[in-house]
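J.: Given the coordinates of chain Z, assemble chain F onto it according to the supplied hints.
One line per chain: the protein sequences are Z and F, in this order. Under this note's numbering, the first sequence has 217 at position 217, and the numbering climbs by one with no breaks. With the second sequence counted from 1, adding 1000 to any position gets you this note's numbering.
Hints may contain errors.
Ranges of calculated distance between the beta carbons of each label pair, as one might list FRET restraints [as the list claims (entries may be wrong)]:
(1) A1059(F) with G150(Z): 44 to 50 Å
(2) R1163(F) with L31(Z): 18 to 24 Å
(3) S1204(F) with R112(Z): 42 to 48 Å
(4) A1063(F) with P142(Z): 39 to 45 Å
(5) T1229(F) with S297(Z): 39 to 45 Å
(6) T1229(F) with A84(Z): 57 to 63 Å
(7) G1160(F) with L31(Z): 40 to 46 Å
(8) R1230(F) with G267(Z): 30 to 36 Å
Computed from the model, here is a short list of chain F residues facing chain Z with C-beta under 10 Å [what the hints assert, rightly or not]:
(9) G1004
(10) A1007
(11) V1093
(12) A1185
(13) A1214
(14) F1225
(15) L1251
(16) L1255
Some residues of chain Z that are not near chain F, with every Cβ distance over 10 Å (derived) [as the list claims (entries may be wrong)]:
(17) F51
(18) G52
(19) A69
(20) G75
(21) L144
(22) E152
(23) S181
(24) P211
(25) W243
(26) T268
Rather than coming from a laboratory, the hints here were simulated on the basis of the structure. Glycine included, every Cβ here is placed at the ideal spot set by N, Cα and C.
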Amino acid sequence: MTAAGISVTRRAPRRLADRLARPAFLACTVLAAATLVAVAGVLGVETVRFFGTVSPVRFFTEVDWTPFAEEPRFGVLPLLAATAQITAGAAFFAVPAGLMTAVYMEHYAGVRTERVLAGVTGLLAAVPTVVLGYFALTFVTPLLRALWPGTEAFNALSACLAVGLMILPTVIVFTRNALRSVPAALMETGLALGAGRGRVVARVMVPAAAPGIGAAVFLAMARAAGETMIVTLAAGNQAQLTWSPLEGLRTLTAYIAQSSLGDAPSGTVQYGAFFAVSAVLFAVTWGLHATGRFLMSRRSRGGLG
Amino acid sequence: MACGVAAAMVAAAFLTMAVVLVAKAWSAADLGFLFDPSSRVADRAGIGPALAGTLWLAALTVAFAFPVGVGTAVYLEEYLPPGGVAVVVSGAVANLAGVPSVVYGVAGLALFVRGMGMGPTLLAGGCTLAALALPTVIVTSRAAIRAVPRGLREAAYSLGATRWQVVRGQVLPAAAPGIVTGSCAAFIRTVGEAAPLLVLGAVSVMTFAPRSPADPLTSLPTQVFAWSTRSQQDFAAVAAGAGVALLLVLLVMNLVARVVRRRLQGVSA
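So that you can see chain Z by itself, here it is in the shape it has in the complex (with noise of 0.2 Å):
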C-alpha cells in the first residue's frame, strides 16, 4: 500500500499538516545540534578556564599526576601513556583475532556455521562494559596470578584482554564488510588460475580490503581508548609510568570515572582538571576515530591500487 496511501480528498488538515512539517523538524534539528554544541562547548570552556591557571606546556611535559595533594601537579603524561598501553594492548589481541575471525566467516564458514558466530559477534557488543570489567575483575585476574604470581591485582594485562574482548565485534564488523566490498570475480580468477583458496585470500582478497580493514582497526582502538568501566575495574588507579603490563595503570577515562567528579566543587582548579582530561580523550578518540571514517571513505571510492 504504497501509492494508495496518498488520499486526495482529505484537503484542509493535510495544509495544515504540511505547514507544521518542516518548522517541527527543523526544530529537532536545532534541539539536537544544541545539545550536541553545548556538550563540545562546556568541555571547550572549562578546559581554556582550567589552562588559565595551569601551564599547558607542564599540563603535557611533567609526570606527576597529584591533584589532590597539598602541591597539586598535574602532569597528564602517566595518564595517556596508560590509555596508549590499553588501546595497543587491546588491539594486539583483538586485531589479528578478530580479522581471521571475519576471514573464516566470509571464506571459509558454512551458512549454519556463519550465523552462530554473527550471532556471538551481536550478541557480544551488546554486553555492556561494566559486565566485561566484572569478569576481567573475577574471572581473567586470578587466572593471571595463577600463572604469574607476582601479578598485581589491579593490572594492566587482564584489562587489555577485556577491552580486546570489547572491541572484537567492532573489528570482525567492519573487517567483514570491507571482505565483502571485493568483488567476487577476483576470487573467481584466483581460483581459476589454479592458486589455492588460501593463497588467493591471503594474497588477493584481503589486501584488496586493505583499506577497509584499517578503518576498522581504527575504529576499534577509538573504542578501545574511551573505554572506562573496564581499566576502572581491572587496571587499577596507580597513575604511574611503567612498561609491565603485570602492574596496575591509571587511564585517562579511569582518572574520570574514579575521582567521584560529582563531589568536585564547580569552579576549582581540580574540578577543571576533569575537563582538561576530557578534553585530551576527545583529541585521542577523535583522533583515531576521523581516521578510520577517512579510510572508510577511501574503500568506498573504490579502487585496488
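T.: For chain F alone, coordinates are given in the frame of chain Z:
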C-alpha cells in the same frame, strides 16, 4: 586452519564469559533479589531500585532521543538543501558519534546536574544518555532514509503529493524498519552504560525504588560497578546477579524492537 581456530577462540571466549557470569550469579538468584532494595549486607542486597532506575533511564532516553534524532534525520535528508549547512551539521554529528561515553558524563555534569540545577537525578541521567545516543540515532536514521529508492519519492511527487505527504506516506514507512533496528542498537548500548552515570553521581546504596524522574540517580550498570569494587566474596555473587538482570533487560529491549520491526515491515509491504 588458522582462521577457523581464531573463530573458535572468539566463540569460546564469549561462552566462558557467559558461563562465568551465570555461575557466579547462581547463588544470588531468588525472587527477593529482584525486588529487594540495595543493602550494605550482601545477603540482603537486591536490585529493586537499580532495576527501576534502569527502566526509568531507558524510557527517558528513548523518549528524548528517538523523536529528536529521527526528526533531525528527516530534516537533514528531506528538507535541508544539500550544501554548506548540511555538510557542517553532518560533519559535526559524525564526529560526535565517536566521543567516549564518559566525556558525555562530564559534559552532562556541567550542563544538566550543575548548569540546569537538576542535581544527580534520573532526569539528568536520561538527558545525558539521550545526548550520548543522539548522534548514533541520527546517523543510522539518515542511512535508512537515504536507502529509500528515489523513484518512490518521485512517483509520489508526480501524483501531486506535498513534501509532508511524501515523508509521512512513503519515506518514513519504507525507512521505519531500518530506523528502528539502528536506533535500538544505539539504545541498548546506551542503557548498558555505567561510566557517564558514575560521573553524574549515581548512588550505589538506595533503599527505595525511584518513583519519578526527580528521584536520585540509580541504575543496574552502576550497581554492578559498585558491588564489583567490594572485595567480600558474597558481593561478587550479587554483582553477577545484577549483571545478568541487566543483560535480560537489554534482551527484552531487543525483542521489543524485533516485534515492532516485524509489524512495520508487515505494514509497508
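J.: If a hint holds in the structure, say so; if it doesn't, say that too.
T.: How the hints compare with the structure:
no., hint, result
1, A1059(F) with G150(Z): 44 to 50 Å, "holds, 48 Å"
2, R1163(F) with L31(Z): 18 to 24 Å, "holds, 21 Å"
3, S1204(F) with R112(Z): 42 to 48 Å, "holds, 44 Å"
4, A1063(F) with P142(Z): 39 to 45 Å, "holds, 42 Å"
5, T1229(F) with S297(Z): 39 to 45 Å, "holds, 42 Å"
6, T1229(F) with A84(Z): 57 to 63 Å, "violated, 25 Å"
7, G1160(F) with L31(Z): 40 to 46 Å, "violated, 32 Å"
8, R1230(F) with G267(Z): 30 to 36 Å, "holds, 33 Å"
9, G1004, "holds, 5 Å"
10, A1007, "holds, 4 Å"
11, V1093, "holds, 7 Å"
12, A1185, "holds, 8 Å"
13, A1214, "violated, 17 Å"
14, F1225, "holds, 5 Å"
15, L1251, "holds, 8 Å"
16, L1255, "violated, 12 Å"
17, F51, "holds, 16 Å"
18, G52, "holds, 17 Å"
19, A69, "holds, 22 Å"
20, G75, "holds, 20 Å"
21, L144, "holds, 14 Å"
22, E152, "holds, 15 Å"
23, S181, "holds, 16 Å"
24, P211, "holds, 18 Å"
25, W243, "holds, 25 Å"
26, T268, "holds, 13 Å"
Comparing the model with each numbered hint stated earlier shows that hints 6, 7, 13 and 16 do not hold.
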